[in-house]
Structures are given as C-alpha cells and as structure tokens.
Amino acid sequence: MEENNQWVDDRLAKLTPEEEWQPHVTTAFARFEDRRTQRRFPRAILVAIVALVCVATFPAPRAFAQRMIAPCVEACESLVMNPPGMHYLLHRMIWTVHGWMGFAPPDFALTDVSGANFQLSDYQGKVILLNFWATWCKPCEGEIPWFVEFQREHGNQGFTVIGVSLDEDGWKAVRPVIESQKINYRVGIGDNALAQKYGVDSLPKSLLIDRDGRILVKHVGITSKSQYEREIVRALWAELSQAERDRLRPQGL
Amino acid sequence: MKAGEQAFDFEATFREQYQRVARVIVRVVKDHARAEELAVEVFLKFWRSPGAQREKAEGWLYRTAVRKGLDELRHRTRRSKYERLLGFGKRVPTPEDVRSAAEEQEKVRSVLAVMESRQAKLLVLKSHGLSYEELAAALELNPVSIGTMLSRAQDAFRKEYIKRYGRE
Numbered sequence: 001m002e003e004n005n006q007w008v009d010d011r012l013a014k015l016t017p018e019e020e021w022q023p024h025v026t027t028a029f030a031r032f033e034d035r036r037t038q039r040r041f042p043r044a045i046l047v048a049i050v051a052l053v054c055v056a057t058f059p060a061p062r063a064f065a066q067r068m069i070a071p072c073v074e075a076c077e078s079l080v081m082n083p084p085g086m087h088y089l090l091h092r093m094i095w096t097v098h099g100w101m102g103f104a105p106p107d108f109a110l111t112d113v114s115g116a117n118f119q120l121s122d123y124q125g126k127v128i129l130l131n132f133w134a135t136w137c138k139p140c141e142g143e144i145p146w147f148v149e150f151q152r153e154h155g156n157q158g159f160t161v162i163g164v165s166l167d168e169d170g171w172k173a174v175r176p177v178i179e180s181q182k183i184n185y186r187v188g189i190g191d192n193a194l195a196q197k198y199g200v201d202s203l204p205k206s207l208l209i210d211r212d213g214r215i216l217v218k219h220v221g222i223t224s225k226s227q228y229e230r231e232i233v234r235a236l237w238a239e240l241s242q243a244e245r246d247r248l249r250p251q252g253l
Numbered sequence: 001m002k003a004g005e006q007a008f009d010f011e012a013t014f015r016e017q018y019q020r021v022a023r024v025i026v027r028v029v030k031d032h033a034r035a036e037e038l039a040v041e042v043f044l045k046f047w048r049s050p051g052a053q054r055e056k057a058e059g060w061l062y063r064t065a066v067r068k069g070l071d072e073l074r075h076r077t078r079r080s081k082y083e084r085l086l087g088f089g090k091r092v093p094t095p096e097d098v099r100s101a102a103e104e105q106e107k108v109r110s111v112l113a114v115m116e117s118r119q120a121k122l123l124v125l126k127s128h129g130l131s132y133e134e135l136a137a138a139l140e141l142n143p144v145s146i147g148t149m150l151s152r153a154q155d156a157f158r159k160e161y162i163k164r165y166g167r168e
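Taken in sequence, the protein lines are chains R and G.
Just so you know, we're using this note's numbering here: the first sequence kicks off at 1 and counts up by one.
Just so you know, we're using this note's numbering here: the second sequence kicks off at 1 and counts up by one.
Careful, some of the hints might be misleading.
[Said to hold, decoys possible] Within a straight-line C-alpha distance of at most 25 Å, the following computed SDA-like cross-link-like pairs (lysine to any residue) qualify:
hint	chain 1	residue 1	chain 2	residue 2
1	R	K14	G	R67
2	R	K14	G	Y132
3	R	K14	G	K56
4	R	K197	R	F108
5	G	K45	R	F29
6	G	K163	R	T16
7	R	K197	R	K182
8	R	K14	G	A136
9	R	K14	G	A156
10	G	K56	G	R15
11	G	K45	R	A30
12	G	K45	R	K14
13	R	K138	R	K197
[Said to hold, decoys possible] In silico contact screen, one side only, chain R against chain G (beta carbon under 10 Å); selected entries:
hint	residue
14	W7
15	R11
16	L12
17	K14
18	P17
19	W21
20	V25
21	T26
22	A28
23	E149
No wet-lab data here; the hints were simulated from the structure.
Ideal placement from N, C-alpha and C gives every residue a C-beta, glycine not left out.
For reference, chain R alone in the conformation it holds in the complex:
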C-alpha cells in the first residue's frame, strides 16, 4: 500500500514546475486590474433584451404579457398618486411599449344602420371605444346608455364609440334597440369571423383604442361607468380644455 502511494506520488511529483519559473506578480496585478475595470455589458440589460424579444416574437409569452400589462398599469396607478397628467404620461409610456410589441386592433369594414359602409381605420387618430354586444345580452344593454353619454360628452374631443352587434338576426333585432336607446354612435353587425379576430368569447367586450391605433384597455364583462370614464379621459387628456382638466383634477392637487 505504502509502496503504491509512493509510486503515485512520484508520478505526480513530475508535475512540479521548475523552481526558476517565477510568475511576475506586478504584471499579473496590472493585468488583473485591467480585467477588473473593463466595462462589461450589464447582464440585466441583456436579459431584459432577450426577454423582450421573446415576448414580441412568440405567441404564448405575448399573450401572457398582454394579460399581465393591464393589471400592472392599474397597480402602478394605484401606487403613484400623481396628478392625472402624470398618470397619462405613465400610461402612455407603458402602452407605447405595448404598441411596439404590435398589439394593434385588426381592421374591419361594416355597414351601419343607414346602409353606409365604414371601417375601423376611418377613425384613425381618434380615441375609439369599440364595444361588442348583442340584443339578447342584458349587461350589454345596461352599458349602452353610458356609451351614449360618452359619445355626447366627448364626441367633439376626438372620441367615438363604435358598437359591433353580434346578433344573428341582424338589423331586425338591432334596429329597435338603436331606436329605443337613442344610440348616437355607429353600430354595425359583426360576424363570427370578426368576433374571432378580436377574441370575443363572451359579451360584452369593450376595447379602448388610442389615437395611435393601439389597444389601451380590454374589458370583458360589465365594467363600471366610472372606470370607462376615467380611461377615456386619460386617453383624451391632451385634447381636453383647461377648464375640463381642472374639473377632473383630483382634489388637493
């Protein structure tokens, strides 16, 4: 055993460097300092870029991001008690990134109750509230008076509501509702293909589209009127008159 160990030690001893080999410490330290102070590309930025590319490229993370961004915006807003101007800025910043990632609403062409054709792209440059609804959908009916009011209040500020009814009976069912509710915005009748394009699987569904043609918010199911109001005002902030801004500015700011 001892012998074996000695044999191994002898072999390994052959690796011993020559005594005269003296690595130069000062040179090495200079080299060390050189390497240490070299600017390295920050890893965090690299990771962020890769993540962003992934999110923008692959459908699954993109869908996830889409779902995540809206609550993030809400959380930011509740945390930062800023004047609405700042809100708007913050909102825009986040949604600009959102827009870069390509979340633009698909265009469509419909016919309104009077028989005139219109397209979503006709309203480019306006803030659009795109509402999917149907006459048999009770909650949708509840929202319509609000939309009428929004259209009346903000219609001249670069805002418009577009209703897309998904009724299978067509105008026969929709026309009486337009008349009884006194709908003052454009309503068209959509089909399944359009509903699919927008991922409508339950009603009502509303999208707020900003002036640059990006989806700002999506609401599925009934949402409070004040929520809509807040979002519309935010999207329109730059267009509002000073008096209106003062009126909407929260107390104490």
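Fit chain G to the known structure of chain R by using the hints.
Frame of chain R, contents of chain G only:
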C-alpha cells in the same frame, strides 16, 4: 463597509497568494502563459465573491485554482477528441507532439483529466505539498476522512494509469 469590520486588503492577498495559485495551476495545465492567465481569472472571481474574502481565503483560492486548472485540462482533452472525431486539423503529428505525448508529465495529466474531479483535486493539491489539514480546509472535506479519500484517489490514479500506459 461597516465600521469595525476590518477592510480586507485585496492587493496584499493578491501579492501574497498569486504565485502559489499560479503554481498550482501550472501543475495541471503545463502552459505557463495560460496558467498565469487562469490565475488572474481566479482572482477576478475572488474579487467578485465577497463571501470568499475572509480568513479562509487561502483555502478558497486553492480550491478555485485547482478547479480552474482541471477544467481547462478537461476542456482541452475533450476538444482535441472532438477535433479528431470530426477530422478537423487532421495533421501528421510532429516529432515534437510524439515526444511530448510520451512524456511522463503528459501521461499524468491525461490521467488526471479523466479521473473523478474530487480525487484529481486531492491529488494535485497533495502533490503541491499541502498537509492533511490544509487539504481538508481547501476542499471543504472532513479532516478525519482525508486519509481514506487520498488513498482511494491514489488507487484510482494508479489503476487508470496502468490501464492506459501499462505497468512500468
């Protein structure tokens, strides 16, 4: 740095330990210039891991140095194997190659490259002249079991060496 905590003199440690670290590495990688480069890398890592800059710095440095050296050795062995397999650089070995491959040193290195990493580390540091206590500290092993582990490592080395190059 908190008050009361003594400032760690990095430069002094560097000057004190650099040669040792480089000599541990040169055992394994042969090439002096490369060994010096790797030693600098060890210190870069040391500088970036504040946890290592304590009284156990010496053990940490030995451990990292020997690991760096063995990694390099393994990497080189693997690369030359794949290069051979893929037919890159298919060249006739020069007499210099033949001679250096036949050298005892290269034989020992090639055995170390294929051994289990912990055993190889033990052997390299042992041949560097570390005592059992120092070995235990450097490799974070139980001092009681060092003797057994060392003799196992030596057996493994002997076996592999004989398998490759026969009994001499």
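ask   = Taking only the CA atoms, is the gap from K197(R) to F108(R) under or equal to 25 Å?
value = Measuring from Cα to Cα gives roughly 10 Å; hence the hint holds.
Status of the A28(R) interface restraint (C-beta, 10 Å, chain G) = Nearest chain G Cβ about 5 Å off; hint holds.
query = Is the interface hint for W7(R) satisfied, with its Cβ closer than 10 Å to some Cβ of chain G?
reply = holds (7 Å)
request  = For the pair we were handed, K14(R) and Y132(G), check the Cα-Cα distance against 25 Å.
outcome  = Holds, at about 21 Å.
message = Given the hinted pair K138(R) and K197(R), is their Cα-Cα distance within 25 Å?
response = Holds. K138(R) to K197(R) sits at ~23 Å (cutoff 25 Å).
key: Agreement of K197(R) and K182(R) with the hint, judged by alpha carbon distance not exceeding 25 Å   = Cα-Cα ~29 Å, so violated.
ask   = Taking 10 Å as the limit, does the beta-carbon of L12(R) come near enough to a beta-carbon in chain G?
value = holds (4 Å)
task = Would you settle whether the hint for P17(R) is holds or violated, based on the nearest Cβ-Cβ distance to chain G being less than 10 Å?
result = holds (5 Å)
request  = Take the C-alpha atoms of K45(G) and A30(R), compute the straight-line distance between them, and say whether it is at most 25 Å.
outcome  = Judged against 25 Å, a Cα distance of about 16 Å means the pair holds.
query = Is K163(G) within 25 Å of T16(R), Cα to Cα?
reply = holds (24 Å)
key: Closest C-beta approach of R11(R) to chain G relative to 10 Å, hint status   = Holds - the Cβ of R11(R) comes within 10 Å of chain G, reaching about 5 Å at its closest.
task = Could you grab the alpha-carbon distance between K14(R) and A136(G) and see if it respects the 25 Å cut-off?
result = holds (23 Å)
The structure fails hints 3, 7, 12 and 23 (numbered hints given earlier, in ascending order).
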